[in-house]
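A.B. asks: As a plain string of letters, each chain reads:
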Amino acid sequence: MTVTALGAAVRRKEDHRFITGKGQYTDDINRPGQAQAYFLRSPHAHATIKGIDLSRAKGMPGVVAIYTGDDVAADKVGGLICGWMIHSKDGTPMRAGPHPILAQGKVRYVGDHVAVVIAETLSQAKDAAEAIVVDYGVLPANADTSKAQGAPEVHSEAPNNTVYDWHIGDKAATEAAFKAAKHVTTLEIVNNRLVPNAMEPRAAVGEYDAGNDALTLYTTSQNPHVARLVLSAFIGIAPEHKLRVIAPDVGGGFGSKIFIYAEETVCVWAARKCGRPVKWTADRTEEFLCVAHGRDHVTHAELATDAEGKITGLRVKTIANMGAYLSTFASSVPTYLYATLLSGQYAIPNIYAEVDAVYTNTAPVDAYRGAGRPEATFVVERLVEAAAREIGMDPAAFRRRNFVTKFPHQTPVIMMYDCGDYKASLVKAMEMADVKGFGKRRREAAKRGKLRGLGYSTYIEACGIAPSQAVGSLGAGVGLWESAEVRVNPVGTVEVLTGSHSHGQGHETTFAQLVSSRLGISIDNVSIVHGDTDKVQFGMGTYGSRSGAVGMSAISKALDKIEAKAKKVASHVLEAAEADIDFKDGKFTVKGTDKSVDFGTVALNAYIAHKFNPQELEPGLKEGSFYDPTNFTFPAGCHICEIEVDQETGVATIAKWTAVDDFGNVINPMIVEGQVHGGIAQGVGQALLEGAIYNKDGQLVTASFMDYTMPRADDLPSFDVGMTVTPCPSNPLGIKGCGEAGAIAAPAAVINALTDALGTEEVPMPATPQALWTVIQKQSRAAIAAE
Amino acid sequence: MYPFKYQKAATVRGAVSLLGKAEDPKLLAGGHTLIPTMKQRLASPKTLIDLSGAGLSGIEQKGRNIVIGAMTTHAEVAASPVVQQAIPALARLAAHIGDPHVRHRGTIGGSVANNDPAADYPAALMALGATVHTSKRKIPAEEFFAGMFATALDEDEVITKIAFPVPGKAAYVKFPNPASRYAIVGVFVAKKGSQVKVAVTGAGSGGVFRHTAMEEALAKRFNPKSLEGVATPAADLNGDIHASADYRAHLVGVIAKRAVAAAMA
Amino acid sequence: MPTVTLTVNGRSVTADVDARTLLVQMLRENLHLTGTHIGCDTSQCGACVVHVDGKAVKSCTTFAVQCQGAEVVTIEGLAQDGKLHPMQEAFREHHGLQCGFCTPGMIMAAVDIVNRKGAVDEATIREELEGNICRCTGYHNIVKAVEAGAQAMTGKVPARQAAE
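Residue numbers (our numbering), protein chains in the order written: chain A, 1 to 787; chain B, 1001 to 1265; chain C, 2001 to 2164.
Hints listed in this document are in silico derivations from the structure and should not be mistaken for laboratory results. Heads up, a few of these hints could be off.
Stated by the list, open to error - Computed footprint of chain C on chain B, listed as stretches where at least three residues anywhere in the stretch have a Cβ under 8 Å from a Cβ of chain C: (1) 1035 to 1043; (2) 1098 to 1109.
Claimed, not checked - No farther apart than 30 Å at their CA atoms in a straight line, the calculated lysine-lysine pairs in the DSS-like style are these: (3) LYS2144/C <-> LYS13/A; (4) LYS696/A <-> LYS50/A; (5) LYS182/A <-> LYS423/A; (6) LYS1225/B <-> LYS450/A; (7) LYS126/A <-> LYS1026/B.
Unchecked claim - Chain A side only, calculated, beta carbon under 8 Å to chain C, not exhaustive: (8) ILE19; (9) GLY21; (10) LYS22; (11) GLY23; (12) GLU200; (13) VAL250; (14) MET706; (15) SER718.
Note that beta-carbon positions come from the ideal geometry of N, C-alpha and C, so glycine has one too.
Next comes chain A alone, as it looks inside the complex (with noise of 0.2 Å):
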């Protein structure tokens, strides 16, 4: 028997079933006497329906039956919801449409779900979907960012298409710094639309239980009793003890896994209606249409810097497009998630932003890995090195001089960091990409014809979310603890009951080396089950890198109530006082004595109820825990992009990509690593590569793998990963969290890279390879013109 050390970069336990293809996704499962269901959707962006003939449709082979928006408000379905409510600066609530499950009365973005066929087969679904004659009344459609106010309104509740003007800061303090700056520095940003593409399409089969009156719903979720809350209490599908949620192997998420969408609702809730399990997987196309994207922020960026080059204040004015619906923390990442992390790693005395949130007739935008933080990292990252550049600083030397040092530090924008070592990652990452060396480089480069540049991105993101107390106060609807539970078997195994969901984080393996490490029993007789909230007791799920400093915290509470009640069995099988036992490395001492007894049988014991005094011990070994957290963390790195941009073509390459991240106390050094790749891909993907496009009419140009370029291996390098550790004094564990580094830290990184190299601060993401050539067309226009 081994025990597993927290920090031992021990394989993972799920992945036998991974490797060999028995992996049980959503798609995977299927019940008896399951129908298909079909969604016909919106081919257009913005369109009243005037009515929805099904006549034909109905009579076609294999159809079971056939909803629209109608059946939806006879059966007093409630429509999606959004959990978190803003206020804008008049102090007056959001200003939110509703958000049916099947449209009612008119459609607002091209894929919107006009009406669902449930058939024997999919074929037959398609084919009575293609016989639905719908008559629409197609209305202008608002499809940009930029001019989404003034456009034509997409809910008659938000006029100006205004979902909430919101703001942060002390603005005349703000203004004052700026007034009295040495030096300001302005860049206008676009961070461009992403679709979280995870490998798994979205996919749910709802199944109705009439002897007990009972719904079962198999979805891809991150989250299964947020889902369960939702559907329940919210949506009114069924009281949540007749309602059980299971997401089983999930393929991936990213954030797009977190949300309640229409399709698993219309499953669930069709399945009592037509009496028959109904299952429905997303195609690749529908993904893309209606799984809810990520970032798309138009931003106006001031820096204000004094003759020192110490940042004297920040501004910003955002837009942030939320789609033609709020969907379901949508309303969040563009306010708290975002504006509360425009500090960056600096000390940075006055800070003043505005976010308007809009609808368009788009998807609906939502928390995709990161969230609002890649988006503030961007915008802080990009200024400070278009600052030092301006001013005539080294870039490094400038973030030095305005690093937080000290600690605890609070940010003007509600944000109190506990603990980091900026400065540690930056010169190890410097280190690390021998930044020395980087001269000699981009000369041998030039020679070669390439333009090479170096850039940076000293992040810090806000995880482990979150204390309930702090979310609530700024509008969340439900509180963010975890939960677990920690059963012991008479034999010394160990199950762990965990809220957390796993989806490609390798819970099974880390939160099971928790367990062997704490109790000394090998990671072998520790199960995690999770997923199925019929099984686990209660959870918020994953995101926001919360699984580790949450989910183990609340594991580790558990944990500590099950030694504490080992102890007491112990007392009674060593035959001594409770006080004078030890545990250490499995085993139970007694003080002063080589008495001592394993872990395995105190288990065994807490079940020989009889062996000791049931009024002084209740038999058995099992504990329970509910953690919330007392701050956020705040993982913090550098990361450091070397690229090469061909003059000829456009085409930038990456040459070398170093991350020293700083994610306190590392379980799995292996899998975090691994998150880290991960996270990179997906940043260098913004940064180079993806970028979701509406012309405009509202019809997604990229909505497939055809034109939406998904990162693929030759179009990256291998990446020289690091660490620096702090560990964070906000949780049990000092584990900070590590999901998204990558995402928030890359864009910036990269762009930095590529400005570096041009030789302009205009650079656009997606910076492709027509982009750059653009770029570059302009940089030497302007070249002869100067000349």
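Position chains B and C against the provided structure of chain A, taking the given hints into account.
C.D. replies: The following block gives chains B and C in isolation, referenced to the frame of chain A:
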């Protein structure tokens, strides 16, 4: 996908006969364009005639020609010692069509018959002066390609093989679409004796085309420098979100120079 | 309905299928071999890669009827006699997977790369993985896994690396 009847032809003659008899037929070669199109319900043939059993695979050298059977896969062309020895540019072109899995199924005949404006093979056929052999005739490449997704093939005509004259020097360079990896611009340059042919795929609004201005310049001196200042009018080129017509026009020049350099190497 | 007979993971299988049935559908729906996945509609992601007559193909772009008489191997058939294939071992050892969804196609593609190219270096692996998309790993550890798997399969190190 709409339903269809599947028929497997045992011979070319059998395929031709089925083409004449079957309801709304379409030939199935590798299927790597056709099947995705059918999945999206954008094509709905009533009959598919599978050519995989019709004996159309194989590569041989016949005199000064490399002759490739229509059902020969891209992977087979890429890996063929005959092609690698005689026309290495063609082997390399085949080695970069799609991805390895696509190359295991996709065929030269299917690609040529489809004449996708971003496909690679049409450039090779045009620049090398290939001849398309069909069930009823031989068609020079110049006459075969008839604009985007259009060819000189009759409805009851089956491509059987393609004959490529062995050039003196040749190279193909592709600038791929970052998403689909199809050619945004692909330039095939071939020199045989004093004659130079330059064929461009991916860029033209009418599909593959010969770049005669480049050919004239290169015929005088076969060197990338000869292409300096040779214009590619953007007016006849495609534009999309990945590459405007102007950018494509620029790329044609850059990629052509690289192709000439590669041919000289 | 056409009848198709083929060998899947060494077992002879006969099924009556609609002509439009894709190989991936036959595997998943008729044979319940759900290790082969569908990640896109445009033949790009490679989650559906299986071996047909020893070659990696996209089972989402192949009709079942085209595989009459063929020998098909899926991820479920890669391990022999309860022993993992060296490429499966390498993916676990090098953390070449996270959510696991692309993994079956990725492993089948990797085995095919080695079958064709032998011991391969990083640049070749990255190029050869063009037809397989992963959203989790950033490919870093997949590349390492394929490199290690290739060495285990061939007993050789890649030529370029050996020369260094």
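A.B. asks: Work down the list of hints and note, for each, if the structure agrees.
C.D. replies: Each hint, compared with the structure:
1. Requiring three or more residues with a Cβ within less than 8 Å of a Cβ of chain C, the coverage given for the segment 1035 to 1043 of chain B holds, as 5 such residues are present.
2. Against chain C, the segment 1098 to 1109 of chain B contributes 7 residues with a C-beta closer than 8 Å to a partner C-beta. That satisfies the three-residue criterion, and the hint holds.
3. Between LYS2144/C and LYS13/A, the direct Cα distance comes to roughly 19 Å. Compliance with the 30 Å bound is thereby established for this hinted pair.
4. A distance of roughly 23 Å separates the Cα atoms of LYS696/A and LYS50/A; the hinted pair therefore holds under the 30 Å criterion.
5. In summary, the hint linking LYS182/A to LYS423/A is supported, as the alpha carbons are separated by about 25 Å, within the 30 Å threshold.
6. Simply put, LYS1225/B and LYS450/A have alpha-carbon atoms about 19 Å apart, close enough for the 30 Å limit, and the pair holds.
7. For the given pair, LYS126/A sits about 23 Å from LYS1026/B by alpha-carbon distance, which is consistent with the 30 Å threshold.
8. A hinted interface residue such as ILE19/A counts as satisfied when its beta carbon comes closer than 8 Å to some beta carbon of chain C; here the least separation is about 4 Å, so the hint holds.
9. With 8 Å as the threshold, the beta carbon of GLY21/A comes within range of chain C, its nearest partner Cβ sitting at about 2 Å, so the hint holds.
10. Interface hint status for LYS22/A: upheld, as the beta-carbon distance to the closest one in chain C is roughly 7 Å, under 8 Å.
11. Because the beta carbon of GLY23/A sits about 5 Å from the nearest beta carbon in chain C, less than 8 Å, this interface hint is met.
12. Given hint, GLU200/A at the interface with chain C, holds; its Cβ is 4 Å from that chain's nearest Cβ, closer than 8 Å.
13. Below 8 Å, beta-carbon pairs count as interface contacts, and VAL250/A has one with chain C at about 7 Å; its hint therefore holds.
14. With a least beta-carbon distance of about 5 Å to chain C, the hint placing MET706/A at the interface is held under the 8 Å criterion.
15. With its C-beta approaching chain C no nearer than about 5 Å, SER718/A sits inside the 8 Å limit, and its interface hint holds.
Of the numbered hints listed earlier, not one is contradicted by the structure.
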